[in-house]
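Top to bottom, those sequences are chains A and B.
For what it's worth, the numbering used here labels the leading residue of the first sequence as 1, then goes sequentially.
For what it's worth, the numbering used here labels the leading residue of the second sequence as 287, then goes sequentially.
Any given hint could turn out to be false.
Covered by chain B, according to a simulated footprint, are these stretches of chain A (three or more residues, beta-carbon under 8 Å) [unchecked claim]:
(1) 6–20
(2) 107–119
(3) 128–142
(4) 220–226
(5) 267–279
In case anyone wonders, no lab produced these hints; they're calculated from the structure.
Every residue gets a Cβ at the ideal spot worked out from N, C-alpha and C, and that includes glycine.
Next come the chains, spelled out residue by residue.
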Amino acid sequence: MDPIFFQTCINGLILGSLYLLVALGLTLIFSILGIINFAHGEIFMLGGFATFFLREYYGVNFFLSLVASMLILAAFGVLIERMIFRPLRGEPLNLLVISLGLSIVLQNLALIFWGPEEQSYLIGFQGVINLFGMVLSKERLAAFTISAILVVGLYVFIGRTKTGKALQAVAQDSEAAALQGININQINALTFGIGCALAAAAGSTMGPIFLVSPFMGMMPVVKAFIIIMLGGLGSVIGAVVGGLILGIAESFGATYLGATFQNMIGFIILMSLLIFKPLGLFGYHE
Amino acid sequence: MSKKGFYLIGLYLFLLCIPLFTKDLYHIHILIVTMFHIILALGLNFVMNTAQVPLCQAAFVGIGAYTSTLLVMRLNFSFWLSLPIAGILTGILGIIVGLPTLRIKGIYFAMATFAFGEIIRLLFIGWGGLFGGANGISAIPSPNSIPILFLGQIEFETKVPYYYFTLVVLTLCLIIIYRLTHSRIGRACTAIRESDRLAQCTGIDIMGYKVFAFAVNSFFAGIVGGIYAHYFHFIGPQDFTFWQSVEYLVFIVMGGSGTIGGPIIGSIFLTFLPEFLRMAVEFQVVLYGLALILVLLFMPQGIVGLLVKVSNRLARSSYRNKKDENTGSARIK
Numbered sequence: 001m002d003p004i005f006f007q008t009c010i011n012g013l014i015l016g017s018l019y020l021l022v023a024l025g026l027t028l029i030f031s032i033l034g035i036i037n038f039a040h041g042e043i044f045m046l047g048g049f050a051t052f053f054l055r056e057y058y059g060v061n062f063f064l065s066l067v068a069s070m071l072i073l074a075a076f077g078v079l080i081e082r083m084i085f086r087p088l089r090g091e092p093l094n095l096l097v098i099s100l101g102l103s104i105v106l107q108n109l110a111l112i113f114w115g116p117e118e119q120s121y122l123i124g125f126q127g128v129i130n131l132f133g134m135v136l137s138k139e140r141l142a143a144f145t146i147s148a149i150l151v152v153g154l155y156v157f158i159g160r161t162k163t164g165k166a167l168q169a170v171a172q173d174s175e176a177a178a179l180q181g182i183n184i185n186q187i188n189a190l191t192f193g194i195g196c197a198l199a200a201a202a203g204s205t206m207g208p209i210f211l212v213s214p215f216m217g218m219m220p221v222v223k224a225f226i227i228i229m230l231g232g233l234g235s236v237i238g239a240v241v242g243g244l245i246l247g248i249a250e251s252f253g254a255t256y257l258g259a260t261f262q263n264m265i266g267f268i269i270l271m272s273l274l275i276f277k278p279l280g281l282f283g284y285h286e
Numbered sequence: 287m288s289k290k291g292f293y294l295i296g297l298y299l300f301l302l303c304i305p306l307f308t309k310d311l312y313h314i315h316i317l318i319v320t321m322f323h324i325i326l327a328l329g330l331n332f333v334m335n336t337a338q339v340p341l342c343q344a345a346f347v348g349i350g351a352y353t354s355t356l357l358v359m360r361l362n363f364s365f366w367l368s369l370p371i372a373g374i375l376t377g378i379l380g381i382i383v384g385l386p387t388l389r390i391k392g393i394y395f396a397m398a399t400f401a402f403g404e405i406i407r408l409l410f411i412g413w414g415g416l417f418g419g420a421n422g423i424s425a426i427p428s429p430n431s432i433p434i435l436f437l438g439q440i441e442f443e444t445k446v447p448y449y450y451f452t453l454v455v456l457t458l459c460l461i462i463i464y465r466l467t468h469s470r471i472g473r474a475c476t477a478i479r480e481s482d483r484l485a486q487c488t489g490i491d492i493m494g495y496k497v498f499a500f501a502v503n504s505f506f507a508g509i510v511g512g513i514y515a516h517y518f519h520f521i522g523p524q525d526f527t528f529w530q531s532v533e534y535l536v537f538i539v540m541g542g543s544g545t546i547g548g549p550i551i552g553s554i555f556l557t558f559l560p561e562f563l564r565m566a567v568e569f570q571v572v573l574y575g576l577a578l579i580l581v582l583l584f585m586p587q588g589i590v591g592l593l594v595k596v597s598n599r600l601a602r603s604s605y606r607n608k609k610d611e612n613t614g615s616a617r618i619k
């Protein structure tokens, strides 16, 4: 086995972990609120910009600005859930179109206020590490670590805490959950907040790698759709596995087959999987 | 002839006269684009009647556009031959894609077609030798001139002949969709939409109807793609992205799904809206998005739904007034 093979594996793993944060928010929001949220990429973009401004204009420490950006976007998420999504609950097609409208508004407002330039900021980890002949950038390793911590945290929150169990109950059957005394509106707002916070975290950590611009959300949200369909809608473990599969497949595609194929491979896997196993790898029938 | 028929004839006379009274060719251009959108929304709406929401409309338009373009530019076909070939080829592709994917439902079907659409777009970019890569294909020739009785040769030099030609195509599509919706096929589709299991139990071949609707839609999309290519004289992969596919869906939801009027009104409204917002220059797109949100928040049934509601309320109140007059009793709230 040559070092290129391992390098490709590691690159894929890191890439997948970055997409994963966006995907987790999407899949949470879908399983609880039934929204295919096209505006998720724009939340991701706003998270990136929040960290960018905190870092570059106010010189805040990266971890502090990451947390601040997550909190700001979580509040924003709760707000838009209340204002825009709640009145249309139960009408999936309308919810889809309204999230699209939101995405258009946010993206173009960002374009008007901040311009189309691609900007970057430093997170305080520069340079590379050489490990067994592989070259790893410290920025990407930091992003991978943050992503891993958040995913494990989310998993524990959903599986172990009372609120997390309430979340699971609503995902399975919201009416039955309401009968048990779970406040559906609260859970919905909380879910949207968490989803947006995860997207903001992804935006903040990917900012230095993929550059911050009003259009930065378009690519990751498409990847996130692939991941959550691969793993099975609403499944956290499924999203993790889907993220890793997509990351590694793209990484190998890019190394051995060329850049055009890198983007195509995810869609080819998705389409064939949906035809033969429509519920995804970890999906279940209701 | 019915009242409806008179209105229709009046409307068509009006549409036929428009080019005579507009000096600004840009207005004609907007009308042509609106008609493209109406055809695409009608086809999509026909598929959505079978409770399936495809997200690959733009890919079919692209396939039609590239097919017709390549036939004309590489093989020297006449436009009048390449256009139907483009439509039929896209229709056949619709069947090929539909057969495996239409078995799955809901969001899973939507995502499978989304993946298909993106594969096609990336193919346009990746296969540079045939499709011109990211630069697309430019200098696509206009349709050949056609002789028409009493009118002489029709040359496709200005936008006006395109306007009439698209109007003819739109009318044909409308007739096809109208006849299909009000036939056994349309009723079967409605039964599938209401409950596909019940439909299957009553002996309706649900897979057959779904594939048929999907094929009709992709045929329409292929035809529109063919005209599109020769009208704009330029096509590229950026014309056929996923966001375009979603836009046609937006037309239907905004207009009100499930009817023939909904997609038409939605397409007209949303194609004209950006033009009216043009004075707001940089806020144009933001206002467009805002309009989408507001319309859905305040009229969730779409524009047609609102019209129906208003007319029902008017009818009810006039009925009530009449009743009050007859009985002479005061209305108690």
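Hint-by-hint comparison with the structure:
no. : hint    : result
1   : 6–20    : violated (count 0)
2   : 107–119 : holds (count 3)
3   : 128–142 : violated (count 0)
4   : 220–226 : holds (count 3)
5   : 267–279 : holds (count 8)
Hint compliance for this structure: hints 1 and 3 are not met, and every other hint is.
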